[in-house]
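Participant: One-letter residues, chain by chain:
2 protein chains.
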Amino acid sequence: MSSSISPLATPFPALPVIAGVVPHVARAQYKTWDRCDLTFVTLAEGTSVAGVVTQSKCPSPEVEWCRKALTLGTARALVVNAGNSNAFTGHRGRAAVEAIAARTAQHLGCQPSDVFVASTGVIGVPLPIDKAEAGLDAAFAATPCDWRAAAETIGTTDTYPKGATTTAIVDGRTVTLVGIIKGSGMIAPDMATMLGFVFTDAAVTPGFLQAALNAANRNTFSCITVDGDTSTSDTVLAFATGAAGNAPLGDAHSDGADAFAAALADLCAQLALLVVRDGEGATKLIEIAVTGAESDASAHRIAMSIANSPLVKTAIAGEDANWGRVVMAVGKAGEPAERDKLSIRFGETQVAREGLAVEGYDEAPVAAHLKGQEIEVGVDLGLGDGVATVWTCDLTHGYISINADYRS
Amino acid sequence: MSSSISPLATPFPALPVIAGVVPHVARAQYKTWDRCDLTFVTLAEGTSVAGVVTQSKCPSPEVEWCRKALTLGTARALVVNAGNSNAFTGHRGRAAVEAIAARTAQHLGCQPSDVFVASTGVIGVPLPIDKAEAGLDAAFAATPCDWRAAAETIGTTDTYPKGATTTAIVDGRTVTLVGIIKGSGMIAPDMATMLGFVFTDAAVTPGFLQAALNAANRNTFSCITVDGDTSTSDTVLAFATGAAGNAPLGDAHSDGADAFAAALADLCAQLALLVVRDGEGATKLIEIAVTGAESDASAHRIAMSIANSPLVKTAIAGEDANWGRVVMAVGKAGEPAERDKLSIRFGETQVAREGLAVEGYDEAPVAAHLKGQEIEVGVDLGLGDGVATVWTCDLTHGYISINADYRS
Chain R
1 MSSSISPLAT
11 PFPALPVIAG
21 VVPHVARAQY
31 KTWDRCDLTF
41 VTLAEGTSVA
51 GVVTQSKCPS
61 PEVEWCRKAL
71 TLGTARALVV
81 NAGNSNAFTG
91 HRGRAAVEAI
101 AARTAQHLGC
111 QPSDVFVAST
121 GVIGVPLPID
131 KAEAGLDAAF
141 AATPCDWRAA
151 AETIGTTDTY
161 PKGATTTAIV
171 DGRTVTLVGI
181 IKGSGMIAPD
191 MATMLGFVFT
201 DAAVTPGFLQ
211 AALNAANRNT
221 FSCITVDGDT
231 STSDTVLAFA
241 TGAAGNAPLG
251 DAHSDGADAF
261 AAALADLCAQ
271 LALLVVRDGE
281 GATKLIEIAV
291 TGAESDASAH
301 RIAMSIANSP
311 LVKTAIAGED
321 ANWGRVVMAV
331 GKAGEPAERD
341 KLSIRFGETQ
351 VAREGLAVEG
361 YDEAPVAAHL
371 KGQEIEVGVD
381 LGLGDGVATV
391 WTCDLTHGYI
401 SINADYRS
Chain B
1 MSSSISPLAT
11 PFPALPVIAG
21 VVPHVARAQY
31 KTWDRCDLTF
41 VTLAEGTSVA
51 GVVTQSKCPS
61 PEVEWCRKAL
71 TLGTARALVV
81 NAGNSNAFTG
91 HRGRAAVEAI
101 AARTAQHLGC
111 QPSDVFVAST
121 GVIGVPLPID
131 KAEAGLDAAF
141 AATPCDWRAA
151 AETIGTTDTY
161 PKGATTTAIV
171 DGRTVTLVGI
181 IKGSGMIAPD
191 MATMLGFVFT
201 DAAVTPGFLQ
211 AALNAANRNT
221 FSCITVDGDT
231 STSDTVLAFA
241 TGAAGNAPLG
251 DAHSDGADAF
261 AAALADLCAQ
271 LALLVVRDGE
281 GATKLIEIAV
291 TGAESDASAH
301 RIAMSIANSP
311 LVKTAIAGED
321 ANWGRVVMAV
331 GKAGEPAERD
341 KLSIRFGETQ
351 VAREGLAVEG
361 YDEAPVAAHL
371 KGQEIEVGVD
381 LGLGDGVATV
391 WTCDLTHGYI
401 SINADYRS
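Chains as they are written, first to last, in my numbering: chain R, 1 to 408; chain B, 1 to 408.
Okay, chain R solo, but in the shape it has when bound (with noise of 0.2 Å):
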């Protein structure tokens, strides 16, 4: 990980064993850095699984492999490798991916098919099998590590690691959610997210946990972006042992499916706002909430060209209440808006109304506010009843630097 760590960190919290769930990490070397970066999670027999994967049109054969995995819904094992994509290698990437979830399948004596794998890092250079393989049987042979070391061994330009955990009471007995997640550039995730592993000891059919994680991702991953640049391999992936010993969460509607589900989109919210807060070069976590407009979908898309916005995103860097960017991007945003109905706030400070700047606003609390760590950006589209919330982070010199010569 970087050694440089991003001012909105926030420190690891203390995280709990999973029951049926154990990780341990090792060197496959797949850069030439002196650090763990393979990842190996053993999940107990009966695990069942959902995930999300990008939308991209040019999506690594990890992803590819995840898609056709999770149609069958249950796993033993997640791989991940950290600092090579393995995206856009062609047949050479899809062999790599076959080897590894063969050897794993080897070791656990299950079928490939219960084995997950997901990589991240540079694209365009397959993914080194004989590197892979090593780093395994390694990874197989060591003692089992805590949820930091997995989460740091997953990471790459991310500047610290990122865990969260919640618990939910189903059936009588309290249920234990963890997840691990990694990312701070090319976030835009389209209907997914970075790479982000989700843990759980209830018993859940895969159905469930995959309609539960459908709808958390909705406000959650697919509410964040840093760069507007959706990575070819984002990949989020829930698994569930059971070890809980709750009656199965299924189909039937229960307190118990509601407070799982509530639970689980807890977590992921914590886990995007660790993304967006180690976006790369943020020094600033901005939320931006939009009312008003014609659906919850037209919200979404004003709320994400705002967030996308170079303008914005600048002049908030710079502590600057530049509402007219705002303005700017709600027009481009191709959505219905009419300028005079138009209501923007930096904090609790409404700075412009009804499409005009508020007279003699007092500029002091807003001021303050653009000081801190945490933005807001409220607009009102006085049409409707959309609304939306996403999450960004401030566009830097820290940002420019780090990725002018990050491959190289």
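Just so you know, the hints here were simulated from the structure itself, not pulled from any lab data.
Each statement offered as a hint is correct.
Copies of the same chain are indistinguishable here, so a pair counts whether it falls within one copy or spans any two.
Below, in silico cross-link-like pairs of lysine to aspartate or glutamate (EDC-like), each with a Cα-Cα straight-line distance of 20 Å or less:
1) Lys57 <-> Asp385
2) Lys57 <-> Glu294
3) Lys341 <-> Asp296
Add chain B to chain R, keeping to what the hints say.
Facilitator: Below, chain B alone, put in the same frame as chain R:
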């Protein structure tokens, strides 16, 4: 204008006088600066006009004024204010535009609807009517100026004045076209552009002029982007005085009509590239050529996805042949694409073909190409006959510096 000139700047060319067109400039002092900021151009009676304006849903009152006045097809004057865009200023902004048109009409003895008004600068501050009227009166009293002075006066964050000229043979006579343009940031014209003005002595009906301008715009202004941020004020107007005395060009097809349309398209292409060359912080001019897409429209959207990708633009700023980011940008465009048919070149060198890196390609010419100021990226989708070419610039520390403290 800014004191640090873009490294991609080209010298201001010698521009001829256009019979029937007389430019003047004056100091309205819309900002606290010591420079001319009001441009006033008189046009001979019988001048035809055509225009394209922003598709922003939050357009400036100037844009709304021009859109309405364009329906009449005739013009007697153009007034351009720099330093204040007058956008998002409600009824006070509308009143300012009406006052400018009325004062100008009074001076010229014409209809207010014959006066075209454009403004550029900060959003959200009503244009002060007293300064505008005093500036107009001063401009009327002033000696006419040359094109260079006019081009300098319409600029804001521009680092150099921008103008171009060309000619066409129409009806046995040489007609001359001159254009001036401003723009540097907030450049992603949506079927229109920054402020651009074209003047010709050709005799042309408003209908033909509009059709020729629409066609030119499609392949020029609508194919450039600096930051993906579409302005509230984008306006291109073309004025034809008829002083060349050719038989007026109208709906009938003729060699002269073709020659004029081609000359107009050439002029618009020159002007559009001048804007990209002055992109905020730009150090490289980038041409993105997409071929083999399912349609021209699809090719255009893919090319724009690449041209607006912060990761592609920072890689080129860093002279890094990181074609994996080009793959990413193709994948996120939402257009038909098949990873295993995709080919990519930098300059003349193929770096990826049919979904794989070209093994052992010669990196020397690629590195040399990327060290230059004019970069070509070619992408072939391998699917159909759709083509598109767009132009952008790199994303550098300069962009951040300019935009993190522009307003205040």
